[in-house]
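Trainee: Next come the chains, spelled out residue by residue.
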Amino acid sequence: MKLRSPWILRAVGLAGAVLIRLWMGTIRLRVFHGDAVRHPADHRKERYIYAFWHETLLVPAAARTAIHILISQHADGELIAQVCRFLGLRVARGSSTRGGTAALLELHRHSKVTHLAVTPDGPRGPRRRVHVGLIYLASLTGLPVVALGVGYARAWRARSWDRFAVPMPFSAATCVICPAVHVPARLDRQSLDRYRLLVEEQLTNATAAAERWAQGGPRPTFATTAAAA
Amino acid sequence: MDRESLRRTLLERLREEKEEVPAAIPDDLNLREGLGLDSIDFVSLVISLQEHFAIELKTEELEKLVNVGDLLNLVESKLAAIRRAA
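These protein sequence lines map, in sequence, to chains F and C.
In terms of our numbering, the first sequence opens at residue 1 and continues consecutively.
In terms of our numbering, the second sequence opens at residue 1 and continues consecutively.
Bound-form chain C, shown alone:
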């Protein structure tokens, strides 16, 4: 899955979890202020992504995330690790 497909999936998941979501989610968009995610929204999004991609996002990895690009990088790295292991 390329980065733009991943971004579209992230946008779809966001729309399922939250009523007001921007039309575009560029890499530099801040997860908290830009997307307006609080702890509850963020946990819902993380669990949704974990279930969709069958990956595990560790709490210490999530604590480092600041913007959309960081989240996409993390998901990409998890998917790449799965491909390597297959």
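Pulled out of the complex, with its shape left as it was, chain F reads as follows:
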């Protein structure tokens, strides 16, 4: 069912935000910081692009910081955008498949004021593959990319392209924060792709480490140095 009325969208968005706050309030979250900076950093002093898989959106969405998140212009994107607004996140609309130009320009403008958040495999996948738009955004804005891997002890999985995860109430979740990747300005396509692979590898490793940790495995000890690709 498509929600078209702006009032109904707002009401459902508000209800969704309240539910997420209450739901995520029951989750025991442990965070591993992979470098010296405590994230989310103070956006007035230093800003970052936080990148995480689309399926793990619920954990970063509960963060309280000044951040603009990229939400797709697809029909279901409006409802997600409303939920994010009620959660206190600022929203930029667009994606690699629709409104990409507008989204990049908008995020470029917001990068001077707030952090940015991107789900680099969204809005339609392939699952756990980084689109080059994230790396271009980092190159354009000069903001370092911080990859966040999320793991759940117990979660329901949707039958969507991303197998969207909803942690079970009162279960444990973990977040592994990687060292920042600094992407140089004015890169050619080949170099953009090298950095894309680097961030994809970081996200893959961080997610695997977070999942192991959440399911009773060891606390991560890796220090993935974000060397130039």
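With beta-carbon atoms standing in for the labels, derived distance ranges:
#1 C/Ala54 x F/Val37: 32 to 40 Å
#2 F/Val132 x C/Glu76: 31 to 39 Å
#3 C/Arg8 x F/Pro6: 43 to 51 Å
Just so you know, these hints were derived from the structure itself, not from any lab.
Source: prediction; values computed, not measured.
Glycine included, each C-beta is placed from N, C-alpha and C at the ideal position.
Please build the complex by placing chain C on the supplied structure of chain F, with the hints as guidance.
Mentor: Using the frame of chain F, we list chain C on its own:
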């Protein structure tokens, strides 16, 4: 700046951003298919033009652009607005 000077500047900016650019960019040349600009190329070009001319091109204005002539018209209108305000 007349329209042909503007076109030359646009061509120079395009060559800085992209390896393969046609020798001529007539008004009716499509930005996407004709020039082969994807989102990344287009954003790079827009930011380059904004910095070169000290203008701001709004996203809702950019979404309406189809061909080279539309882009030149938009830049011309921005430059004219600056002249009027001066």
